[in-house]
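Protein chains: 2
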Amino acid sequence: MNTPIPMKLQTEIPTNTVAAAGATLTAALKMAPPAADFTGRLSQFRYQMLQAGQDAALIFSPVNLRYLFNYSGEALMAVVTPEQVVLITDYRFIAQAEQESKSVCPKATFFCRDRDRQSLGQAIALQLAAFKARRVWFEDSDISVLLWRAICDDNGLIEFSPCPPHLAAQRMVKDDWEVAQIEQAAAIADLALARALPMLQVGVSEREFATELEYQLKKAGAEDFSFATILGFAERSALPHALPTDKRLKKGDLVVLDFGAVVNGYRSDMTRSFVCGKASPLQQQMYQVVLEAQQAALEAVRAGTSGAALNNIAADILAASPFAKDAGPGLGHGVGLQLHEQPFLGPLCRQLLPENAVITIEPGIYIADFGGVRIEDDVLVTKAGCRILTKAPKQFELALRE
Amino acid sequence: MNTPIPMKLQTEIPTNTVAAAGATLTAALKMAPPAADFTGRLSQFRYQMLQAGQDAALIFSPVNLRYLFNYSGEALMAVVTPEQVVLITDYRFIAQAEQESKSVCPKATFFCRDRDRQSLGQAIALQLAAFKARRVWFEDSDISVLLWRAICDDNGLIEFSPCPPHLAAQRMVKDDWEVAQIEQAAAIADLALARALPMLQVGVSEREFATELEYQLKKAGAEDFSFATILGFAERSALPHALPTDKRLKKGDLVVLDFGAVVNGYRSDMTRSFVCGKASPLQQQMYQVVLEAQQAALEAVRAGTSGAALNNIAADILAASPFAKDAGPGLGHGVGLQLHEQPFLGPLCRQLLPENAVITIEPGIYIADFGGVRIEDDVLVTKAGCRILTKAPKQFELALRE
Numbered sequence: 002m003n004t005p006i007p008m009k010l011q012t013e014i015p016t017n018t019v020a021a022a023g024a025t026l027t028a029a030l031k032m033a034p035p036a037a038d039f040t041g042r043l044s045q046f047r048y049q050m051l052q053a054g055q056d057a058a059l060i061f062s063p064v065n066l067r068y069l070f071n072y073s074g075e076a077l078m079a080v081v082t083p084e085q086v087v088l089i090t091d092y093r094f095i096a097q098a099e100q101e102s103k104s105v106c107p108k109a110t111f112f113c114r115d116r117d118r119q120s121l122g123q124a125i126a127l128q129l130a131a132f133k134a135r136r137v138w139f140e141d142s143d144i145s146v147l148l149w150r151a152i153c154d155d156n157g158l159i160e161f162s163p164c165p166p167h168l169a170a171q172r173m174v175k176d177d178w179e180v181a182q183i184e185q186a187a188a189i190a191d192l193a194l195a196r197a198l199p200m201l202q203v204g205v206s207e208r209e210f211a212t213e214l215e216y217q218l219k220k221a222g223a224e225d226f227s228f229a230t231i232l233g234f235a236e237r238s239a240l241p242h243a244l245p246t247d248k249r250l251k252k253g254d255l256v257v258l259d260f261g262a263v264v265n266g267y268r269s270d271m272t273r274s275f276v277c278g279k280a281s282p283l284q285q286q287m288y289q290v291v292l293e294a295q296q297a298a299l300e301a302v303r304a305g306t307s308g309a310a311l312n313n314i315a316a317d318i319l320a321a322s323p324f325a326k327d328a329g330p331g332l333g334h335g336v337g338l339q340l341h342e343q344p345f346l347g348p349l350c351r352q353l354l355p356e357n358a359v360i361t362i363e364p365g366i367y368i369a370d371f372g373g374v375r376i377e378d379d380v381l382v383t384k385a386g387c388r389i390l391t392k393a394p395k396q397f398e399l400a401l402r403e
Numbered sequence: 002m003n004t005p006i007p008m009k010l011q012t013e014i015p016t017n018t019v020a021a022a023g024a025t026l027t028a029a030l031k032m033a034p035p036a037a038d039f040t041g042r043l044s045q046f047r048y049q050m051l052q053a054g055q056d057a058a059l060i061f062s063p064v065n066l067r068y069l070f071n072y073s074g075e076a077l078m079a080v081v082t083p084e085q086v087v088l089i090t091d092y093r094f095i096a097q098a099e100q101e102s103k104s105v106c107p108k109a110t111f112f113c114r115d116r117d118r119q120s121l122g123q124a125i126a127l128q129l130a131a132f133k134a135r136r137v138w139f140e141d142s143d144i145s146v147l148l149w150r151a152i153c154d155d156n157g158l159i160e161f162s163p164c165p166p167h168l169a170a171q172r173m174v175k176d177d178w179e180v181a182q183i184e185q186a187a188a189i190a191d192l193a194l195a196r197a198l199p200m201l202q203v204g205v206s207e208r209e210f211a212t213e214l215e216y217q218l219k220k221a222g223a224e225d226f227s228f229a230t231i232l233g234f235a236e237r238s239a240l241p242h243a244l245p246t247d248k249r250l251k252k253g254d255l256v257v258l259d260f261g262a263v264v265n266g267y268r269s270d271m272t273r274s275f276v277c278g279k280a281s282p283l284q285q286q287m288y289q290v291v292l293e294a295q296q297a298a299l300e301a302v303r304a305g306t307s308g309a310a311l312n313n314i315a316a317d318i319l320a321a322s323p324f325a326k327d328a329g330p331g332l333g334h335g336v337g338l339q340l341h342e343q344p345f346l347g348p349l350c351r352q353l354l355p356e357n358a359v360i361t362i363e364p365g366i367y368i369a370d371f372g373g374v375r376i377e378d379d380v381l382v383t384k385a386g387c388r389i390l391t392k393a394p395k396q397f398e399l400a401l402r403e
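For the record, the sequence lines run as chains A and B.
The working numbering numbers the first residue of the first sequence as 2 and each following residue consecutively.
The working numbering numbers the first residue of the second sequence as 2 and each following residue consecutively.
Be aware that one or more of the hints could be misleading.
Each pair may be met inside one copy or between any two copies, as identical chains are not told apart.
[To be verified] Lysine to aspartate or glutamate pairs mimicking EDC-like chemistry, simulated, CA-CA at most 20 Å apart:
hint, residue 1, residue 2
1, Lys220, Glu209
2, Lys220, Asp247
3, Lys103, Asp370
Quick caveat, the hints were computed from the structure, so don't treat them as lab data.
Treat the numbers as computed from the prediction; the structure is a model and nothing was measured.
Extracted from the complex, chain A is given alone in its bound form (with noise of 0.2 Å):
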């Protein structure tokens, strides 16, 4: 742990930030493709439910029903058949349904129950009498049990099985209209914490800041926080997802602030780790020694690397420091419309990083009662190494005003 730190991936830190920001946040409007391929994620999903001789598939998961048919909101379900696509909801949600999911799915019809005199299992049931399916496919994963057993009683001829997670399968390669929508929610928080750092001093509570970054991040164009702002002071920082609360920040203290914002329900999600004013030398090290694994574990993302390869490059780097006792398990995950996806990245991931995987390197040292450092990039995987796409500057220490 006592090699230098390699520079050439470290961002380097602009004079105006702001600015800088704003550049690239216009530059990823720019050049976002028009559109997602919504056919295609369908023809393939398709290809596999008939390899597998199903007749039908029940898709459950908001994050699949907004991948395969644009749909947003709610309390919608779909039947897939090889050749139709029925989506099942209600009076709440149907216009929103049509407005969303016609247009990339002509095909689609839409089905509006009545909630009070037809259960989910019914509407189901006329459905799947209409296609004759017999052989059925669920989305195990994402239907309680509750559900599934009412389901199942106003099914009982139909041969259901859990469907495989072809869809976070297919989820974990993004095509260019996905990379732009994740490069823009990068680049609108990188917008939004330009904005607020200012504001990050000294007296300033975890909530008061939570409270103004998040007003940037929707001011910047976001439509959403990916997550629930993470923001620890002194020793709340240790705590890898501590709440904004009415803690002050007080000069010395580590600060540890993870967020990200939402594009066309796609998210981005980075941490920053700053100090009040000057860093002690426990502090500095610290961060010295997060720096290095995520830069070594940034080095080796490409292509084909297993995601155990990759996470115990930055693994070792904390073992071997003296903070190995400290170090947070695991080095990161798949980002996309679900903000922890495929792959996950841990000792015993055999998955091979595709290409056109989105991930995060997020290193972590937690020492409890007294703080933490995390860094956290969203990067591209490309065949020849990454491309990163979250590019505030990594700047430890903050320069207190007087």
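Based on the hints, put chain B in the right spot on chain A.
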């Protein structure tokens, strides 16, 4: 529908709504009881467990985990026996679990699972073996078919059965502390609306106004939003769940705004409808019908009334109006730790409202391609009637600045 609208429940429009809302919030904060009765909640649930001859229960629902153990994070489940509680989570949330749950449940023990080395089913099996549990309830409404099958594979000797919704029934009746939290959430929402409302003028976009309102919610003390803010201008106001877009407000547009604040996990849920400037006769009539339906239902609320009876009072007014075919079904729902919880007020709701339930009353008219009107308040059910918690004025016409 030509009877005059009863005015006694209609909120007066104060001259200074920001000051009025601020005073209400200050009063609500002062009057809140110091703590919730976590011990009583757990005892009540354990009584049901013992009556049913169960040795243990597996609690998976995040809402029930907050209700019983004050836990506000993710990725945790509880094994409850007549004498003990074990909370199972992983390194990300173990510190948070101990901080939040130890004080309200001093006898609880905490189990930190290494997710790479032990499945959740194995962790549960260890606990159930230690307690010699054989007959075990599980919350089938809050576990996926996929995860449940894996848990069952690791617990072959246990006789599992679905846990009846006792906790949902318990949560329906709020104690004083819970009412105070919802009251604070409602007061925060009132204040945020009063502060943001001057921005609702010709030219503002749905997204811009929602961003400002959400910023004001956080600044006024909301720990989160109850749900993604619903805001639709013009024909989009006819979508019961419209999410903000870049659409800009024009003179004469209808506006439906539905939003809420969260305080200590408890949610408020309020809808106000506006017209940008002077209402047309049709818009005015829509508003009057909805207001009349809401007022009639509000006047009929009292402990012992059935949900269906209450629903029908409003439904009959809507059905007798020129907007019969455009009325939304259902009248409202319970609200608390969950946005939608028992009782669900619809034509089939035989449930008698218990004293100290908190419910929404929200009739609406939705005319496709034209616009909608919905008015929603949160009320505490009392022996003699109800207490309205959401106090924002019901002012339909927005005064336009020149």
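Outcome of the hint check:
1. Lys220 to Glu209: For Lys220 and Glu209, both the intra-copy (17 Å) and inter-copy (7 Å) Cα distances are at most 20 Å.
2. Lys220 to Asp247: between (24 Å within a copy, 12 Å between copies)
3. Lys103 to Asp370: between (54 Å within a copy, 17 Å between copies)
Of the numbered hints listed earlier, not one is contradicted by the structure.
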